[in-house]
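Asker: Residue numbers (our numbering), protein chains in the order written: chain A, 1 to 221; chain B, 1 to 496.
Simulated from the structure, these hints should not be mistaken for laboratory data. Check the hints yourself; a few may be wrong.
To be verified - Listed next, the stretches of chain A that the computed footprint assigns to chain B, with coverage defined by at least 3 CB atoms under 8 Å from CB atoms of chain B: (1) 37-48; (2) 58-68; (3) 147-158.
None of the values given here were measured: they were computed from a predicted structure. Even for Gly, the Cβ is constructed at its ideal location relative to N, Cα and C.
One-letter residues, chain by chain:
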Amino acid sequence: MTAAEILKPPTARAGTVRPIPAGIRLTWLHLRTRRVPAAVLALAVCGALLHAALYWHWAFNSGPYAQQIPMIIEAGAAAMIAVTAHSPFGETERATGRWLPYLRLLAAIGLTGLAILALQLGAVGENLNDGIAVLARNVIGFTGLGLLCSLVTGGLLAWTLPLGYMTFCQYALLEDWTAPWTWPVRPPADRGAWICACAVFAAGLLLFTIRGPRARLSDDS
Amino acid sequence: MSVMSMRLPRSARALRLEFKRNAVPYVLPLLAAVFFFDTLRTADGFAPIWTLRASAIGDHMLFEFSAFAGGLAAWAGSREGRRKTVDLVAPTPRAAWARRSTALAGTLCWMLLAFLAGVAVLYIQTAVQATWGGPPLWPVFVGAFGVIVVTVIGFTCGVLFPGRFTAPLVAIGVLVVYQTGLRQALGVATSSGTYALLSPGNGPPVVDTGVYYHVAPDLSIVQVMFMGGIAVALFGVLGLAPGLRGLAPARAALARSGGWLLRTVAVVLVACGVAASWTAFALAGTAKPDAVGGWEIPALHSAASDQTVPVTRDCTSSSGFQVCVHPAFRFYLHDLAAAFEPVAAEIAGLPGTPAGAREVASVSGGQDVQSGTSVSPPVFEFTAEHVGAMFGQFNGIPDPAGWASGFQQGLLDAFLTGRPPHAGPVPILLGPAQQAVEDALLTAVRSQPLGPSVTSAGVSAAAHRFAALSASARHAWLVAHLTALRAGAITLAQIP
Numbered sequence: 001m002t003a004a005e006i007l008k009p010p011t012a013r014a015g016t017v018r019p020i021p022a023g024i025r026l027t028w029l030h031l032r033t034r035r036v037p038a039a040v041l042a043l044a045v046c047g048a049l050l051h052a053a054l055y056w057h058w059a060f061n062s063g064p065y066a067q068q069i070p071m072i073i074e075a076g077a078a079a080m081i082a083v084t085a086h087s088p089f090g091e092t093e094r095a096t097g098r099w100l101p102y103l104r105l106l107a108a109i110g111l112t113g114l115a116i117l118a119l120q121l122g123a124v125g126e127n128l129n130d131g132i133a134v135l136a137r138n139v140i141g142f143t144g145l146g147l148l149c150s151l152v153t154g155g156l157l158a159w160t161l162p163l164g165y166m167t168f169c170q171y172a173l174l175e176d177w178t179a180p181w182t183w184p185v186r187p188p189a190d191r192g193a194w195i196c197a198c199a200v201f202a203a204g205l206l207l208f209t210i211r212g213p214r215a216r217l218s219d220d221s
Numbered sequence: 001m002s003v004m005s006m007r008l009p010r011s012a013r014a015l016r017l018e019f020k021r022n023a024v025p026y027v028l029p030l031l032a033a034v035f036f037f038d039t040l041r042t043a044d045g046f047a048p049i050w051t052l053r054a055s056a057i058g059d060h061m062l063f064e065f066s067a068f069a070g071g072l073a074a075w076a077g078s079r080e081g082r083r084k085t086v087d088l089v090a091p092t093p094r095a096a097w098a099r100r101s102t103a104l105a106g107t108l109c110w111m112l113l114a115f116l117a118g119v120a121v122l123y124i125q126t127a128v129q130a131t132w133g134g135p136p137l138w139p140v141f142v143g144a145f146g147v148i149v150v151t152v153i154g155f156t157c158g159v160l161f162p163g164r165f166t167a168p169l170v171a172i173g174v175l176v177v178y179q180t181g182l183r184q185a186l187g188v189a190t191s192s193g194t195y196a197l198l199s200p201g202n203g204p205p206v207v208d209t210g211v212y213y214h215v216a217p218d219l220s221i222v223q224v225m226f227m228g229g230i231a232v233a234l235f236g237v238l239g240l241a242p243g244l245r246g247l248a249p250a251r252a253a254l255a256r257s258g259g260w261l262l263r264t265v266a267v268v269l270v271a272c273g274v275a276a277s278w279t280a281f282a283l284a285g286t287a288k289p290d291a292v293g294g295w296e297i298p299a300l301h302s303a304a305s306d307q308t309v310p311v312t313r314d315c316t317s318s319s320g321f322q323v324c325v326h327p328a329f330r331f332y333l334h335d336l337a338a339a340f341e342p343v344a345a346e347i348a349g350l351p352g353t354p355a356g357a358r359e360v361a362s363v364s365g366g367q368d369v370q371s372g373t374s375v376s377p378p379v380f381e382f383t384a385e386h387v388g389a390m391f392g393q394f395n396g397i398p399d400p401a402g403w404a405s406g407f408q409q410g411l412l413d414a415f416l417t418g419r420p421p422h423a424g425p426v427p428i429l430l431g432p433a434q435q436a437v438e439d440a441l442l443t444a445v446r447s448q449p450l451g452p453s454v455t456s457a458g459v460s461a462a463a464h465r466f467a468a469l470s471a472s473a474r475h476a477w478l479v480a481h482l483t484a485l486r487a488g489a490i491t492l493a494q495i496p
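The shape of chain A in the complex, shown without the other chains:
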């Protein structure tokens, strides 16, 4: 008997194992390490929370106060996406293949779309002040901030910047700020607000895709 015979893997019976394409398996493993399935659940919770807030009238029906609770939930959804930036493998993972940036890009875009969908479903049948367009714009902008923050703080603390900016925007909302960079407080048709939100998202997505989140700071805490 030789060592090669001992190390030879047992043969599987025909028809019991279906080969999974490597790309799909890689993508699934990437998403699992980022806790994306749990993030999808958390986004669903955000959608349900928005629905409850609108259904039971936790916020005012009109005026600047009406936008406050939806804005909190939108920032929360973006924070969930930002938190999925964290990788348990850190820098080690970066040396293992060339697909990582594409996987990061895919996960971030996919989750942003899912967040908008989840919140939109939460608002179905209810009166969402300023409509779905503002909801989508806020999620996009806040997500961009979260991805940018992950480059500095790491993924696990990347929720701080979207929530911090949102608390500032609550003030800007009541003070009726008109600067385009305060996009969450601007009306749906404000072109400058859309440009700012999309620019932040694009910058965040680009840098996050290329550089990835910081792998140190939040791990040390």
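Dock chain B against chain A, hints included.
Answerer: Relative to chain A, chain B alone:
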């Protein structure tokens, strides 16, 4: 081993380590920026009245601190679970409760330090500008307990549900609860639920709150008791956390000697906390509006709170027209005198002309006080909240000309109708002829009368005619017709 670590007891050393490794310092610059924009700038827009400025603690500061306190405490609380080291640290000699208490204390100390630093900045800014009174402490207590309870809630959620999503979920959950409470509090009425009164967030109070009457601490006491009770109960839950997470057998086996004592203390804490919160909830249910615009809880109310604050008004007199305000509003005195002076000169010598103007309390018997002319001696009395048809005049001077015009209109409203100050929601309403004369007198003193969009064409035309007369002709006509004008017996056509 350093000299410092040799001297410190073990618990203090652990706390020092928690201070060093805590995530709060990383977020402090962000928190400071939000505090500057939200709390400080909002408070700066208020008149420098202590009670008014202090309301920013519950309305703004607590909101921004809640987001970070809840999230970062959940982050600290979930550390062992997130890193999957629960089993690793379970055999250590220190009880899990003590270990977690140290981590909680580290986060709590950082958050309270930041909170108190923010309060200090807010109060120093107010102290520099205020002309009367001192810093109220109850809003600080309520705010501090708000930070404590949010931190403990976040930490407990982190311990019980460790994970990367716990921190942001807790943060948004806390913010949604805060905003829901604020929405309830802004629409509060006698028939509102108890939740509205327990919300630490509320709208800004009337501008002279705490100036003429003491602010009863009843509601603040109940809020502190309610939040403190929740914090104590959750701290007790932390002691039971190993059992709640299914680790009781392991803990009992490893720390059998002191386990039952810790669990008993934890259960007692939970019971005490629930009892305190329930009591506070029940007490809030008995609240009723008091005579000065606040809330009174009979079981906690002190009669001393209802006493008026003794005050000697600050006065200034120019051209014989004396203007007096509460010392808290001394910074408005000269602007007020300058606003009243030309109108007072225009109506001087006419029957019933007020000899001066005096600022009085804006709430009486639970109702707003509207401005008017007191009878003996005739003095125009106005409040910081209501002057004629204007309101919130003492909240600031965004437009000096419009601000002065508001006081001039208020004085003429009272003079041309002869109405005394009265409690109720409706200010003095002028008839067409009275409005025309008022507009003419305002035009004569180069002030801004009501626009044509507000008054009718007939009123505007009569006002133009009357303003075109000489001062002596206007004066003579008013001497002859003032009584009929006040009685509403003059028509627009009769105005020359």
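Asker: Hints first: check each against the structure and report whether it holds.
Answerer: These are the hints, each one checked on the structure:
1. Interface restraint, the region 37-48 of chain A with chain B: holds (5 residues with C-beta to C-beta distance below 8 Å; minimum three).
2. Note: the region 58-68 of chain A has 5 residues with beta-carbon separation from chain B under 8 Å; the three-residue rule is met and the coverage holds.
3. With a cut-off of 8 Å between beta carbons, the region 147-158 of chain A has 4 residues touching chain B; three or more are needed, and the interface restraint holds.
Violation of the numbered hints given earlier is absent; every hint is satisfied by the structure.
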